[in-house]
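Asks: Sequence:
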Amino acid sequence: MTIPEGGASAPQISAAAGATAGIPKVRLDALDTLRGLSALMVVLYHANFSSFLYNLPVIRHSYLFVDFFFVLSGFIMFYNYGSLPDMAAFRRFIGMRFFRLYPLHFTLLMIFLASDAVYALVRPLRGAAAGTAATGDSSFDLLLNLLLLNGLDIREPSFNTPSWSISTEFWTYVIFGAAILTFRNARKSTMAVVFAGVCICALIAVYQRYGEIRGFTLLLFPRCIFGFFLGAIMGILVRPGKIAHAIGGARMGALLQFIAVAVAVAALTLVGFSALDVLLPVLFAAVIATFVIWPHTRFTKALLSRPLLWLGKHSYSIYMVHWFVLTQVSSMLRAVFHVPMADRLFELSPAVGVALTILSVTIILLAASQTYRFIEEPGRLFGRRLLNRNRNPRALASTAPSPEAPGK
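All residue numbers for the sequence shown refer to the working numbering, where the first residue is 1288 and numbers rise by one.
Hint data in this document are derived by calculation from the structure and do not stem from the laboratory. Be a bit skeptical, because a hint or two may be false.
When the alpha-carbon atoms are kept at most 20 Å apart in a straight line, the in silico SDA-like pairs for lysine to any residue are as follows [claimed, not checked]:
no., residue 1, residue 2
1, K1588, A1573
2, K1588, F1624
3, K1475, D1373
Please build the complete structure, drawing on both the sequences and the hints.
Replies: Below, the structure is given as structure tokens:
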């Protein structure tokens, strides 16, 4: 979301803007949990083993939680990088984004290539019944993935299909950083107007093509831009210095949090796979705002349990590894157990389908814990050391950004 430092690497989010104004940093750990839960919903959307779970409206439309990643990333990026004073700061920003996203993206791409090679060897031996990884089909697809261009609507996503959002986020970071640098001396109100203009242009781009292209595919980049800059606008409007003195107190905050979540979930179940689903980020922004403004409600505290914080911390890895695990399980069901499919669902008994979904999610969580430990976090730290190598220690200490949300 983000991953995911992309978006989406500390176990908490700090409001840097508030700190710079002499106000203690506000820890918004609950946003990590929201990101983790969103990643889990995307996993369930792709897990087509249980007709009972898959056909629940909230899961059937959970592809829209990717838009939640975009909004949250825009919000976090503005808090952490709302000021880029010069080109050196811009280059550092892009470098940090790259090393936050690319190591895990590249690793999964190589894993998918290796998997394709294995299937290419096995398939002639087993005949057409052997499974396929259903990944990229040309060297051009591979090039797009290597250059992080696989989500820019050039071709349909390939290989690690969900990584399209990593591609769109990276290039949205470039647009965002360029806008921050260009308007570095402008008022916040001016910047909000600029960001609103970007959002409007992105919406126009989506709706100009929606009649020609059905569904989510090939409307990817403008959707990311819209959600991200909407989150950045919220970062301008929701001032961290006022969080500790939120109007209405914790009870009012809890009520508004409940209403925001309920309305967002209800809308998600009703407008999925329609021309209105692109507007869901507006409701997602409202949800995020309530948890930012009221960080001490019962609902917020409920999101701070260790398992949920773990989920948020590993959200980027969960999002990136889940497609590989699910494609391998699907290939095994087809090739080894010859399970038929109907309407994109495996024809399994309800009990077996639920059990297989739980098993797949468990494997994904275990795999994500290892990719976070050995790839995601080392890659981020390597990038930080590389970017810091030639910097003045005093300048580095004075300009270091706040910890960033896991998964990005």
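Asks: Hint check: K1588 vs F1624, CA-CA at most 20 Å. Holds or violated?
Replies: violated (45 Å)
Asks: Keeping to a limit of 20 Å between CA atoms, is the pair of K1475 and D1373 held or broken?
Replies: Roughly 18 Å between the alpha carbons, so the hint for K1475 and D1373 holds.
Asks: Is the straight-line distance between the alpha-carbon of K1588 and that of A1573 20 Å or less?
Replies: Given that 20 Å is the threshold and the Cα spacing comes to 19 Å, the pair holds.
When the structure is compared with the earlier hints, a violation turns up for hint 2 alone.
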